[in-house]
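Q: In the order they appear, the protein sequences are chains Z and E.
Heads up: the first sequence is residues 1 to 112, going by the numbering used here.
Heads up: the second sequence is residues 1 to 114, going by the numbering used here.
Honestly, the hints are just simulated from the structure, not real lab data.
Any given hint might turn out to be false.
[Said to hold, decoys possible] With a cut-off of at most 35 Å between alpha-carbon atoms, the simulated DSBU-like pairs for lysine-lysine come out as follows:
| no. | chain 1 | residue 1 | chain 2 | residue 2 |
| --- | --- | --- | --- | --- |
| 1 | E | LYS73 | E | LYS55 |
| 2 | Z | LYS14 | E | LYS101 |
| 3 | E | LYS55 | Z | LYS9 |
| 4 | Z | LYS9 | E | LYS101 |
[Stated by the list, open to error] Sample of chain E residues lacking proximity to chain Z, with all beta carbon distances greater than 12 Å (derived):
| no. | residue |
| --- | --- |
| 5 | PRO9 |
| 6 | GLN14 |
| 7 | THR18 |
| 8 | THR20 |
| 9 | SER22 |
| 10 | GLN44 |
| 11 | LEU47 |
| 12 | ASN58 |
| 13 | PHE68 |
| 14 | ASP86 |
[To be verified] Covered stretches of chain Z, going by a simulated chain E footprint (3 or more residues, C-beta under 8 Å):
| no. | segment |
| --- | --- |
| 15 | 39-48 |
| 16 | 103-110 |
Ideal placement from N, C-alpha and C gives every residue a C-beta, glycine not left out.
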Amino acid sequence: NAGVTQTPKFQVLKTGQSMTLQCAQDMNHEYMSWYRQDPGMGLRLIHYSVGAGITDQGEVPNGYNVSRSTTEDFPLRLLSAAPSQTSVYFCASSYWVGSEAFFGQGTRLTVV
Amino acid sequence: AQTVTQSQPEMSVQEAETVTLSCTYDTSESDYYLFWYKQPPSRQMILVIRQEAYKQQNATENRFSVNFQKAAKSFSLKISDSQLGDAAMYFCAYRLQGAQKLVFGQGTRLTINP
């Protein structure tokens, strides 16, 4: 009964480094998304996927890449980290577009 | 573009009392879904309640209920008999029918005073 699992929970990067945030769900959900949470701004959509092999950009996609090779996994890649990417990142999945989104526990990323 | 506004950055209430959190949204669409999420200090986002726009009846979940006013584009959350465990950030969110994107408000930090 894991739900949505994100790793790591905390990460510190130096400017220019790359890394991948992992997200996996075991609920056989087609829809998966990545959000970032910044103080005073709620959560904003970075990228999303409506099924394996299909991804699209959200509201704030610059500096991030995604891929969806399986239904279960939806990794988020930071190509060259910048201080502006310091944030808390959430992965979410849902069964269909009108249903509730289930969230992972978040990754707190600091770029120095 | 759809927007969600929570005008109360912080609220506080005495334990066992009732509190109402406000949310307004802006959309020209008629088919959509509205949600309240709770984020305790653990950072986990937890669904509190969900409302379909086509339903006139207000959703309720135990001590949590909403006042959905579609014409006014208002979606407030009422918490009855507040408990210490209700202390958290609360986010109002909107999702258009058929769309993947959840649009979130800025959040309201709720404090419960013992």
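Q: None of the hints should be skipped; say for each whether it holds.
A: Taking the hints in turn, this is what the structure says about them:
no.: 1; hint: E:LYS73 x E:LYS55; result: 14 Å, holds
no.: 2; hint: Z:LYS14 x E:LYS101; result: 30 Å, holds
no.: 3; hint: E:LYS55 x Z:LYS9; result: 38 Å, violated
no.: 4; hint: Z:LYS9 x E:LYS101; result: 24 Å, holds
no.: 5; hint: PRO9; result: 8 Å, violated
no.: 6; hint: GLN14; result: 27 Å, holds
no.: 7; hint: THR18; result: 25 Å, holds
no.: 8; hint: THR20; result: 19 Å, holds
no.: 9; hint: SER22; result: 15 Å, holds
no.: 10; hint: GLN44; result: 5 Å, violated
no.: 11; hint: LEU47; result: 5 Å, violated
no.: 12; hint: ASN58; result: 17 Å, holds
no.: 13; hint: PHE68; result: 16 Å, holds
no.: 14; hint: ASP86; result: 19 Å, holds
no.: 15; hint: 39-48; result: holds (count 7)
no.: 16; hint: 103-110; result: holds (count 4)
Of the numbered hints given earlier, the model fails hints 3, 5, 10 and 11; all others are met.
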